[in-house]
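Protein sequences, first through last, are from chains A and B.
Using this note's numbering, the letters of the first sequence map in sequence onto residues 1 to 63.
Using this note's numbering, the letters of the second sequence map in sequence onto residues 1001 to 1719.
Simulated from the structure, these hints should not be mistaken for laboratory data.
Errors might be hidden in some of the hints.
Claimed, not checked - In silico DMTMM-like cross-links for lysine to aspartate or glutamate, where the CA-CA straight-line distance does not exceed 25 Å:
no.	chain 1	residue 1	chain 2	residue 2
1	B	Lys1462	A	Asp41
2	B	Lys1409	A	Asp41
3	B	Lys1645	B	Asp1667
4	B	Lys1011	A	Asp43
5	B	Lys1587	B	Glu1410
Said to hold, decoys possible - Examples of chain A residues toward chain B, derived with CB under 7 Å:
no.	residue
6	Ala28
7	Lys38
8	Ser46
Just so you know, even glycine gets a beta-carbon here, dropped at the ideal spot from N, CA and C.
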Amino acid sequence: MLRDVFKSIGGIENYGLISMIIFVFFFALLILHTFSLKRKDVDDFSRMPLDDVSKESDDIQDI
Amino acid sequence: MENQTFYYDNKIVKNFAYATLFWGVIGMVVGLLLALQFIWPALTFGIPYTTFGRIRPIHTNAVIFAFVGNGMFTGIYYSLQRLCKARMFNDLLSKINFWGWQLIIVLAAVSFAGGMTTGKEYAELEWPIDLLVAVIWLVFGANMIGTIIKRRTQHIYVAIWFYIATFVTITVLHVVNSLAIPVSLFKSYPIYAGVQDALVQWWYGHNAVAFFLTTPFLGLMYYYLPKAANRPIYSYRLSIVHFWALIFLYIWAGPHHLLYSALPGWAQSLGVVFSVMLIAPSWGGMVNGLLTLRGAWDRVREDPVLKFMVVAVTAYGMSTFEGPMMSTKTVNAISHFTDWTVGHAHIGALGWNGFLTFAVLYYLIPRMFQTQLFSRKMANLHFWIGTLGIIFYAVPLYWGAITQASMWKEFTADGFLKYPNFLETVTQLQPMYATRAIGGALYIVGILLGLYNLILTIRAGKFLPEEAASAPALTRVEGKRGSGEGIHRWLERRPVQFILVALVAILIGGLIEIVPLYLVKTNIPTIASVKPYTPLELQGRDIYVREGCYTCHSQQVRPFRSETERYGEYAKAGEYVYDHPFQWGSKRNGPDLSREGVVSGRQYKPNSWHYNHMMNPQRLNEQSIMPVYKWLIYDDLDISTTPRKIRVMQFLGVPYPQGYDKIANDDLMIQARGIADDLKSQGIQVEPTKEIIAMIAYLQRLGKDVHAAGMPTATITGK
Chain A
1 MLRDVFKSIG GIENYGLISM IIFVFFFALL ILHTFSLKRK DVDDFSRMPL DDVSKESDDI
61 QDI
Chain B
1001 MENQTFYYDN KIVKNFAYAT LFWGVIGMVV GLLLALQFIW PALTFGIPYT TFGRIRPIHT
1061 NAVIFAFVGN GMFTGIYYSL QRLCKARMFN DLLSKINFWG WQLIIVLAAV SFAGGMTTGK
1121 EYAELEWPID LLVAVIWLVF GANMIGTIIK RRTQHIYVAI WFYIATFVTI TVLHVVNSLA
1181 IPVSLFKSYP IYAGVQDALV QWWYGHNAVA FFLTTPFLGL MYYYLPKAAN RPIYSYRLSI
1241 VHFWALIFLY IWAGPHHLLY SALPGWAQSL GVVFSVMLIA PSWGGMVNGL LTLRGAWDRV
1301 REDPVLKFMV VAVTAYGMST FEGPMMSTKT VNAISHFTDW TVGHAHIGAL GWNGFLTFAV
1361 LYYLIPRMFQ TQLFSRKMAN LHFWIGTLGI IFYAVPLYWG AITQASMWKE FTADGFLKYP
1421 NFLETVTQLQ PMYATRAIGG ALYIVGILLG LYNLILTIRA GKFLPEEAAS APALTRVEGK
1481 RGSGEGIHRW LERRPVQFIL VALVAILIGG LIEIVPLYLV KTNIPTIASV KPYTPLELQG
1541 RDIYVREGCY TCHSQQVRPF RSETERYGEY AKAGEYVYDH PFQWGSKRNG PDLSREGVVS
1601 GRQYKPNSWH YNHMMNPQRL NEQSIMPVYK WLIYDDLDIS TTPRKIRVMQ FLGVPYPQGY
1661 DKIANDDLMI QARGIADDLK SQGIQVEPTK EIIAMIAYLQ RLGKDVHAAG MPTATITGK
C-alpha cells in the first residue's frame, strides 16, 4: 500500500521541495522559540558548567 | 531545601582517559605504517595480517571508535556528572561500558587482521561484534539517561542535548546499516545490494562523522571551553539553534559521498542542498565557541588547554566549510576518489577530534589527580609539533589530490588521455606521500610528549577516585507543561520526550531519502543481461572483500569522458543489483576495476597477467604500490561455504535456480579447472582449488554483463 502512496507522488523530485518546506518551517519555529526565552533564564542556563558544586577539585586553578 | 552530599565517580573517567591515550598511540602508529606502505609496499611484509587492505580498517576504526570513542566517553562521563550534579546512574553499567568497549576494540583489531570484514567503510565489523557493539552502546545510553533522570538540576544543559543526539542517532545508524544475514560466525551478507547498500552505507558513514565525531565533541566544547576559559558560552540562544539545525540537517547529507554515481539524481541533489546548508549551523557553532574567548585571548597564549581548544574549533570550522564545498558537483568532480578526501578527514580527526581530546585530557587529569600539569612547556611543545604535523599531513595531500585529478583528466591535443597509465599518476605523488608520512610521524611524536607529560603529572599527584559534592535535591516539577512555559522549555527538562523529538528530527531525513529507494523499484532500472555471480566468482568476490581491495580500488566509473576513455562504460544502477555488499570504494590509489573483465575493453588482462600481478605487482610494474598477495596462491579456497552462501543469496532475492546450492560446487570446480588449464597453457602450474583461481574468476567477470547489454556511452557530462 505504502508503495502506491509513494508512487502516486509522481515526480520524486518533489522530495527536495517537501524537505525544504519542512526545514524552513521547523527553523522558523526554532528561532521564534529562542527569542521568546527570558534573558535571566538564558543567563542561568549558560552559567551551568561554571556552577561547580564539587568541594575538592574547584580550587585547582589552571596551570 | 536541604543539601545532599554525593560523590562523582572519577575512576571511570580515569579508565577511559588511559584507554584514550593507549588506543590513540596504537591507532596512529598503524596509520603511519599505512602511510609508509605507500612509499615502501614491501612493508606489508608479504603476509596477510599486515597487508594494506586489512590494516586500513584497523587504523580507521581504532582512531574513530577507540581513540575518539574513548575520548568521548572520558569527556562525557566527567561532564555529565557535573552538569547533572549527580553520580553516574549505575557503577556496574559504567564498568560494563568501559570493559565492553575495550573488548570490542580488541576483537575488531583481531578480526580485521584475520580478514573478517563486511567491506563497508567504517562499518567493517562482522555481525557478532556488531551485536556486542549494540549491547554496549545501549548500556552507555541507559547509564546516561539514568543519570539525566536522577539529576539535581532543573534544566538540561545544551552539552547534554548533544550527548543525547549522539546516543539516539548512532543507535539508529548502527542498526539500520548493520542488517545482514550470517553465512557463518565470521561472514555475513548485508540485506541491501548495490545502489541501496551504497545509499544506506553512506547515510551511515556520513552520519557517523556527524554523530560520533561531531555532536559528542560539540557537547564537550560546550562544557570544557567555558570551563577552561572560566566564562559562559558566548550565546546560549545560538547554541539552541546550533543544536536543532545541525541534527536536522546533517542526516540528509549522506548522498554527497555518491555524486556522479549510479544513485538516482534526486537523492544526489538532496545531499548537495543539505550539505551546503550545513555550513550555517556548523559555523554558528564555531563562532559561538571562538567568541566565548573574546577578551580572554591573553589567556589563550598562556594556557595549553585553551590553545588546543582554539585550534580544534578552528579545524572544525575549516572542515565544515571544506565539506560542503566538496559536496558541490564542481569540486566533487575533482576531489572525489583522490587523497583530498583523506586530507579533509584528517583535518577533522587530527585537528578537531584529536586536539579537543588532548585539551580535555590536559584539563581533567591534573584535576582528578589534585595537582598541576607537570610541564606547561612540554604541553606547548606538544601543541606546536601537533599543529605542524597536521599541516605537513594535509597540505601535501591536497597538493597531490589536485595533481592527480588533473592528470586523470588531461587529454592530448589529439584527444587521447595524456596519462593512460594510471600508475604514472601514483608515482607522481610519491614526494607528497613521503611528506604526509612525516606529518603523521610528527603528530605521533606530539602525542608521545603529551603522554609523558601526563604520566609525570599522574606520578606527582594523588588520585581522587570519589569526589565529594553537594547540592539540593531537585524539586519535582509537574511533568505537565506549566502555564506560561514554552514547549521547548518543557522539553528541555523532560529527557525522554526530548529524545523522542530528537529521534523524529533525525528520522525525517533518513526516511525521506531511503524509503523511496526501497519501495519504488523503478528507481533502479534492471538490466536484463546482468546475471548473478557464478559460485566461483562469488567466492572470489568474498576474497576481494576480505582483502579490502576496496581500500585502494573503486568499482564505479563516473560519467566523464576522462573516465569512460580510461575504464569503459560509466556505472549504471542496474548492474549492481546482486552486489551484497556494494564495493564502489571511496578512493583510487589504484585504477577502477569495474570494467576489468570486458574483453574488448582497455583494461582487459589475461588470466596469467592477473596471476603474476597478484603474486608480485612490483615485478610487472616496478613503481606499483599494490601489496603482494602470495597467500592467494598457496591457500586453498574453502568451498564448504558455497551451499550456504548460495542459500543466503537466494534468501536475499538473488535468482539462483531452486536447489542450486546442492550443485553449486560442481559448477565451481568446472569453472576453476577451466582457469587452471588456461594458466597451464601459459606455463603456470596452479591447482584449481587455490584462492587465486576464484579471485581471477571474479576479476574477469567485472563489467562483462553491462557490456553485453550494449549500453550506449552517450550522455557524458564534462571532462
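Tested hints:
1. A C-alpha spacing of about 38 Å is found between Lys1462(B) and Asp41(A), which places the hinted pair above 25 Å, so the restraint is violated.
2. Between the alpha carbons of Lys1409(B) and Asp41(A) the distance comes to roughly 58 Å, so the proposed pair goes past 25 Å and is violated.
3. Between Lys1645(B) and Asp1667(B), the direct Cα distance comes to roughly 14 Å. Compliance with the 25 Å bound is thereby established for this hinted pair.
4. For the hint linking Lys1011(B) to Asp43(A), the alpha-carbon distance of about 32 Å lies beyond 25 Å, and the restraint is violated.
5. A hinted pair counts as satisfied when its Cα atoms are at most 25 Å apart, and Lys1587(B) with Glu1410(B) qualifies at roughly 19 Å.
6. With 7 Å as the threshold, the beta carbon of Ala28(A) stays out of range of chain B, its nearest partner Cβ sitting at about 11 Å, so the hint is violated.
7. Among the interface hints, the one on Lys38(A) is violated; its C-beta lies about 9 Å from the nearest C-beta in chain B, farther than the 7 Å criterion.
8. For the restraint placing Ser46(A) at the interface with chain B, the shortest Cβ-Cβ distance is roughly 4 Å, inside the 7 Å limit, so the hint holds.
Hint compliance for this structure: hints 1, 2, 4, 6 and 7 are not met, and every other hint is.
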